[in-house]
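Protein chains: 2
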Amino acid sequence: MSAVITEQSQSDTTPVPEGATGIREGAFGHATGLSCRECGHGVELGPFYACPECFGPLEIAYDFPAITREEIEAGPANIWRYKALLPVPTDIEQSPNMEPGFTRLLKAHNLGRELGIDNLWVKDDSTNPTNSFKDRVVACALSAATEFGSKVFACPSTGNLANAVAAAGARAGIKTVVFIPSNLETPKQVNSAVFTESLVAVNGNYDDVNKLASEIAGEEEGWAFVNVNVRPYYAEGSKTLGYEIAEQLGWRLPDQVVIPVASGSQLTKVHKAFQELVKLGLVEDKPYKVFGAQAGGCSPVSAAYKAGVDAIRPVKPDTIAKSLAIGNPADGIYVLDICRETGGAVEDITDDEVREGIVLLARTEGIFTETAGGTTVGVLKKLVETGQLDTTLETVVINTGHGLKTLDAVSGIVGPTATIEPSYAAFVAAGIA
Amino acid sequence: MSAVITEQSQSDTTPVPEGATGIREGAFGHATGLSCRECGHGVELGPFYACPECFGPLEIAYDFPAITREEIEAGPANIWRYKALLPVPTDIEQSPNMEPGFTRLLKAHNLGRELGIDNLWVKDDSTNPTNSFKDRVVACALSAATEFGSKVFACPSTGNLANAVAAAGARAGIKTVVFIPSNLETPKQVNSAVFTESLVAVNGNYDDVNKLASEIAGEEEGWAFVNVNVRPYYAEGSKTLGYEIAEQLGWRLPDQVVIPVASGSQLTKVHKAFQELVKLGLVEDKPYKVFGAQAGGCSPVSAAYKAGVDAIRPVKPDTIAKSLAIGNPADGIYVLDICRETGGAVEDITDDEVREGIVLLARTEGIFTETAGGTTVGVLKKLVETGQLDTTLETVVINTGHGLKTLDAVSGIVGPTATIEPSYAAFVAAGIA
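These protein sequences, in sequence, are chains A and B. Quick note on full-length UniProt numbering: the first sequence kicks off at 1 and runs consecutively. Quick note on full-length UniProt numbering: the second sequence kicks off at 1 and runs consecutively.
Check before you lean on any hint, since a few could be wrong.
A pair holds if it fits inside one copy or across any two, identical chains being indistinguishable in the list.
To be verified - Dumping the calculated DSSO-like pairs for lysine-lysine here, alpha-carbon to alpha-carbon at most 27 Å: (1) LYS107 - LYS175; (2) LYS151 - LYS107; (3) LYS306 - LYS211; (4) LYS316 - LYS151; (5) LYS382 - LYS306; (6) LYS188 - LYS151; (7) LYS316 - LYS211.
These are computed hints drawn from the structure, not numbers from a lab.
Just chain A, with the same shape it has in the complex (with noise of 0.2 Å):
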């Protein structure tokens, strides 16, 4: 397997079927082919993620079955329901796997309340497997490395993704190797260790350890690093996530949806997904306003937003919202271009404010957040301070990850309100009854 394309296409226009290259039949379900998102170029299914002619992103391209409601009900509690919409194959459910996503739309009572919004709703990613929506992401990129019969699951990462990663590996028992930065907490290094033999600590910032990860994968045959050379397939995976807040809303689209930005590849997949619900006919076709998050201190989305401008400048990210902190994000154009279309912003908050976000969302909902959350939960906020989310329409917000994986975001700001002796007196004269 190697990073760099090496075989052109039969034809510009038509990507050559399935199982040309030695894959068997069926193994991508659907998918037909690799598509440019920027020039439309086709190019056969490969572990293939940058066009030869304009090196702009793959895109995975389908013939759609007809399906029907009822289908994708009967299907598992997990994003393989959707099977028939992702590139994968029909026996998906056989190989071992997470099981990930069919995660809770919970109603926000409390949390609508405290923000004046009537209608909102969460979609909480927490409870996936391994406690973040990469688990739906590495689902996929599983099922291509597999099919592509490669020897090694890879990735560079400083968390959620390789948690995912070690995890699915273990659990499909196929070998894995995660990078990591030699200097990441302890806690996290064993969030990933326990699942894996081969942690990698590389003496070097995350930059450093992703553009190792993308040499290694130009050179060595067999290695699928999920967010490298199976990304087309991986980033399909964040499908599910429109799929389902679709479907558990009772097969309708939500009128507004607020999803945080750090690459953009889950706003656009969501966005994605939606379109597909609606010419599929599974939903009816309606306006929404598409939302992104991005914190303060790695905002350059949110920045070109509000500059009126299409170009991305890269930044240095400086933030505690950590899953969020990439600086060059590689869809951040295409965020722009579904937040101005659909009507809806790009927004930023403070760190602070991110912290603020985690705790609102814990005593409202009882839903502990990352940082990430955080950042999601605090810009809703601050949109509907703002005038820019119209608080009589039904909204959701979507929360990829778990608070116990950056406790310390919130270690200084919430604690023990009383410490008493352990008597009934002193609970009285504590006031706490």
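Following the hints, put chain B in place on chain A, whose structure we already have.
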């Protein structure tokens, strides 16, 4: 509300009908009263937990309706699909709650192979809303507290229970008060403090905190301590683990099930759930063996089992499996009965074996469990090695909690396997490929 039973039931044999004490019609579904597990004495539904005749534990008595598999399957993907079999109202889904349960039952191919068990499953409760099975029991306790008009939802705890109570209370909009020992580590404090404005640190150990809680429950009106005065309702929540296992196996009981033992309540309730399903005609009757798992540093039930005696001798816990560290388990004698009657066993392992159990489950199935799960998996291994478990029979092992809460247990035994400079040459030289 009083923790002391002040009202006698009107009859020793017939529980008083629901509603008798101002409880709304249907508040407890098909529950008809409370019944003493020891002497069978009947008590009306109320915030009572000890038999007024013999001080035995009170349990919920029901008059179950006819119910079909299809009716259950048409319910939500959480514990409320079994609401007809729980002491909750028929409109329970309408009250804001955590929507716990219907967690994954994963086929454990790799762990089975490793241990030599042909047909092994893991019931993974670490993906519950606050990452332990406690969300199930707390959801039932919350319903009872609400129906009794309680003004405070409370518990003494050092971990999982505190998280579950604080989160569920926040979402329900009821005042929560959580009591913890003041020397609890900061990360564990944060896990609960993030949800509640009333985290009370008590200068003492867990026993002191627990004693204070019982005192408050006895003195204060309107306080629902989940594991004290609403315990009969609370404990019923564990039945859903048994229901789900059977349903997820395709409406079939397993041949063997391995369950951790703290108070012993969960094990007895899983057994009760299996028996109820048989009685209701939802599964076929068949023999099954129930096994209990304890950590050697707190193994009073295992000790009694091995000594062949009926009495549990209380111990002073000294184990890393803190969530199992109950030295005087209330349901220990019932655990002994069930394990002996079904042909199972109770076994215990060392703390090092607990740690190995955590890593074993993570490396084989991608599930990061806490020390309780490490205990259960480690005991499963020992049961095989000692010939107590039949490796040819279908076996289910229950994982009750998440490793993110007990990171310290394994931080000394897992970590990076290599540290390299950020270059491809260094990668090659390290022999990772």
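Tell me, in ascending order, the numbers of any earlier hints that this structure violates.
-> Violated: hints 3, 4.
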